[in-house]
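Chain by chain, the residues run as shown.
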Amino acid sequence: MLVLADGRFPAGGHAHSGGAEAAVAAGRIRDADSLEAFCRGRLHTAGLTAAGLAAAAAAGLDPLVLDDAADARTPSPALRATARRLGRQLMRAARATWPSSELDALAAARPRGAHQPVVLGLTARAAALGPPDAAYAAGYEAVSGPATAAVRLLSLDPFDATAVLARLAPELDQVAARAADAARRALDEGPGALPAASAPLLDIAAEHHATWSVRLFAS
Amino acid sequence: MHLDHADNTYPPRHTYGAPRPYRPDGTRRALRIGLGGPVGSGKTATVAALCRVLRDQLSLAVVTNDIYTREDAEFLLRNAVLPPERITAVETGACPHTAIRDDISANLEAVEELEETVGPLDLILVESGGDNLTATFSKGLVDAQVFVIDVAGGDDIPRKGGPGVTTADLLVVNKTDLAPYVGSDLARMARDARAQRGELPVAFTSLVAEDGVRPITDWVRTCLAAWTAAPV
Numbered sequence: 001m002l003v004l005a006d007g008r009f010p011a012g013g014h015a016h017s018g019g020a021e022a023a024v025a026a027g028r029i030r031d032a033d034s035l036e037a038f039c040r041g042r043l044h045t046a047g048l049t050a051a052g053l054a055a056a057a058a059a060g061l062d063p064l065v066l067d068d069a070a071d072a073r074t075p076s077p078a079l080r081a082t083a084r085r086l087g088r089q090l091m092r093a094a095r096a097t098w099p100s101s102e103l104d105a106l107a108a109a110r111p112r113g114a115h116q117p118v119v120l121g122l123t124a125r126a127a128a129l130g131p132p133d134a135a136y137a138a139g140y141e142a143v144s145g146p147a148t149a150a151v152r153l154l155s156l157d158p159f160d161a162t163a164v165l166a167r168l169a170p171e172l173d174q175v176a177a178r179a180a181d182a183a184r185r186a187l188d189e190g191p192g193a194l195p196a197a198s199a200p201l202l203d204i205a206a207e208h209h210a211t212w213s214v215r216l217f218a219s
Numbered sequence: 001m002h003l004d005h006a007d008n009t010y011p012p013r014h015t016y017g018a019p020r021p022y023r024p025d026g027t028r029r030a031l032r033i034g035l036g037g038p039v040g041s042g043k044t045a046t047v048a049a050l051c052r053v054l055r056d057q058l059s060l061a062v063v064t065n066d067i068y069t070r071e072d073a074e075f076l077l078r079n080a081v082l083p084p085e086r087i088t089a090v091e092t093g094a095c096p097h098t099a100i101r102d103d104i105s106a107n108l109e110a111v112e113e114l115e116e117t118v119g120p121l122d123l124i125l126v127e128s129g130g131d132n133l134t135a136t137f138s139k140g141l142v143d144a145q146v147f148v149i150d151v152a153g154g155d156d157i158p159r160k161g162g163p164g165v166t167t168a169d170l171l172v173v174n175k176t177d178l179a180p181y182v183g184s185d186l187a188r189m190a191r192d193a194r195a196q197r198g199e200l201p202v203a204f205t206s207l208v209a210e211d212g213v214r215p216i217t218d219w220v221r222t223c224l225a226a227w228t229a230a231p232v
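These protein sequences, in sequence, are chains W and A. Mind the numbering: the first sequence is residues 1 to 219 in our numbering, read in order. Mind the numbering: the second sequence is residues 1 to 232 in our numbering, read in order.
In short, the hints are calculated from the structure, not lab data. Careful, some of the hints might be misleading.
A few chain A positions that, by computed beta-carbon distances, are all more than 12 Å from chain W [unchecked claim]:
| # | residue |
| --- | --- |
| 1 | Gln57 |
| 2 | Tyr68 |
| 3 | Asn79 |
| 4 | Pro120 |
| 5 | Gly130 |
| 6 | Gly153 |
| 7 | Asp156 |
| 8 | Val182 |
| 9 | Ala195 |
| 10 | Asp211 |
Have a look at the derived ranges for each label pair, beta carbon to beta carbon [said to hold, decoys possible]:
| # | chain 1 | residue 1 | chain 2 | residue 2 | range |
| --- | --- | --- | --- | --- | --- |
| 11 | W | Val3 | A | Lys160 | 32 to 42 Å |
| 12 | A | Gly140 | W | Ala108 | 16 to 26 Å |
| 13 | A | Glu85 | W | Asp188 | 45 to 55 Å |
| 14 | A | Arg70 | W | Asp33 | 14 to 24 Å |
| 15 | W | Ala197 | A | Glu71 | 34 to 44 Å |
| 16 | A | Glu199 | W | Gly27 | 49 to 59 Å |
| 17 | W | Ala108 | A | Ser59 | 23 to 33 Å |
| 18 | A | Arg191 | W | Ala108 | 54 to 64 Å |
| 19 | A | Gly140 | W | Leu2 | 38 to 48 Å |
Where chain W lies over chain A, by a calculated footprint (3+ residues, C-beta under 8 Å) [claimed, not checked]:
| # | segment |
| --- | --- |
| 20 | 93 to 100 |
| 21 | 106 to 116 |
We treat Cβ as the ideally placed atom computed from N, Cα and C, and that holds for glycine.
Using the sequences and the accompanying hints, generate a full structural model.
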């Protein structure tokens, strides 16, 4: 669990800001407080959705069905492309770290990459972790990426950015619990039971960001 | 069915790691050479010069790691040193050394995708974003690495050492034509480099001179000969 959630896990995340670069440019992230607001919003929308998908994959739902469900929950083509690229990079690291026939099968079925949260959940499963662990990893990633990026983009005090993450911990607990609960229900009811919270501003900003010619982060 | 994964056949690809020197079909894959070094030392110019000399004899491709733009890739495209489908830019999220050393996944994707789309290739050059003296490539990404410094950056750099200067398979000291103007002592640089590197080779280059990249192309050819001669 710690290895999987470690920001240094070599799965390509360091080159992505989780929308923080666009938000910084638009003036929506300026300091630690606005970073916290951004991360809170992302945690309860994109983070919750990703956590649900990851928990469901860890619980054993068909990853191809979940991959379709992830597409349905990702209206922005730029973010779909990002999710698949990161999914493929995570797949590479995951298969080297926790070899598994289920990971091999998903890699074969989605050679261009499956959505990252689905790969993350299946990776957790390969590492013998449960749905709550997968949900935690996905939820934490949803906020740790933007926090790290904000430090680089704004020269924000790294202690302040880390404190933001610590303050979000109780909410991360709630998001992970909701996601794991939804994953349990999805085993009977199908992927419709999974959270589908969306963040239109993140989607719109991601589309803009993809057109920039000068940027530090890939997304 | 989705447009972005309409092809459900599993293209054979390296699943992870680069140390395996074979393509999935068992043939020897392209030799991968990394070029790193400080900002402005002439990495992109070196890549361009290498491409001009080698492109008629070898099947070549280039991966650039720009720090915050696509300028290096665009420089190569503008100068038409290779067709655009043979040049890929990787974005590094403000951390060029991470992308070539600690988390090489995006670069591995780029390298393998080039082999799939324009391959089979003989040689892939992976150019790092300009960085500092500690930048080195992971052995999981490249087979050999070149560290490019220049005389204008100060003739004490070889003495200072650092992983790039000390361990690179080839150290290039570029812009030797500028040495008289910036007061750099080439003999001292050569002496210091030898002290830091022992028997590892050092090439002094001036890319503005006729065939100025020759010492590097010779070294690349030697590497390629060893690579193709190695038992599969």
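Hints the structure fails to honour: 2, 14, 19
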